[in-house]
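> Sequence:
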Amino acid sequence: MVGGCGIVKTTKEIRQWIKKTFKDAGDFDSFLSFVHLHGFVQQGRKFPLEDQALYEALRAQHYAAYHNIAHLPELKITERFGKEIHTFMLTPLLYMDYFYGCDEKRMRALFQTTLQRLQKKRCLL
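Numbered continuously in our numbering, the sequence shown closes out at residue 125.
No lab work stands behind these hints, which were simulated from the structure alone.
Since the model is a prediction, treat every value here as computed from it, not as a measurement.
Check the hints yourself; a few may be wrong.
The calculated DSS-like cross-link candidates involving lysine-lysine, where the alpha carbons are at most 27 Å apart (straight line), are [what the hints assert, rightly or not]:
hint, residue 1, residue 2
1, K12, K76
2, K9, K83
3, K9, K23
4, K76, K105
5, K9, K20
6, K9, K105
7, K9, K19
8, K12, K23
9, K76, K19
10, K105, K12
11, K19, K105
12, K76, K9
13, K20, K105
14, K105, K23
15, K83, K105
16, K12, K83
17, K76, K20
From just these sequences and the hints, can you work out the full model?
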């Protein structure tokens, strides 16, 4: 994992930060799992022993990245759904969870190289 995060102002910069910080989709998924568990800890909830051990392992691996991005200000996010345009405000961390957290296909596509995308398109033709 790579450290450091300047101010992230766009969704493109969020994607670049993710690619620079995490080595693959599994590593990023592990980070999002830590974010969920850390949310419970911040609420004062207790874990069973096996979940506490998982949380501690994930914390050791991902806390530096979490600390870099967790308190950045909200971004204005605009999405199109057909002819409708929806605008809302999310922090970079919430955007990552919202956009990639429950969509494994998007997460894998984020880490594909340009060469892999071209090879995939050639196979489909």
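> K12 and K23: Cα distance at most 27 Å?
holds, 18 Å
> So if I understand the rule, the pair passes when the alpha-carbon distance is 27 Å or less; does K105 with K23 pass?
Within the cut-off at roughly 17 Å; holds.
> Take the C-alpha atoms of K12 and K76, compute the straight-line distance between them, and say whether it is at most 27 Å.
holds, 13 Å
> Given the hinted pair K9 and K19, is their Cα-Cα distance within 27 Å?
holds, 16 Å
> Does the alpha-carbon distance linking K9 and K23 stay inside the 27 Å limit?
holds, 22 Å
> CA of K76 to CA of K105, is that 27 Å or under?
holds, 24 Å
> Tell me if the straight-line CA distance from K76 to K19 falls inside 27 Å.
holds, 21 Å
> Hey, K9 versus K83, does the alpha-carbon distance stay inside 27 Å?
holds, 26 Å
> Are the Cα positions of K19 and K105 separated by 27 Å at most?
holds, 15 Å
> For the pair supplied as a hint, K20 and K105, confirm whether the alpha-carbon distance does not exceed 27 Å.
The given pair, whose Cα atoms are some 19 Å apart, holds under the 27 Å limit.
> Against the 27 Å threshold, does the CA-CA distance of K12 and K83 hold or violate the hint?
holds, 23 Å
> Do the alpha carbons of K105 and K12 lie within 27 Å of each other, as the hint requires?
holds, 18 Å
Checked against the numbered hints given earlier, the structure satisfies every one of them.
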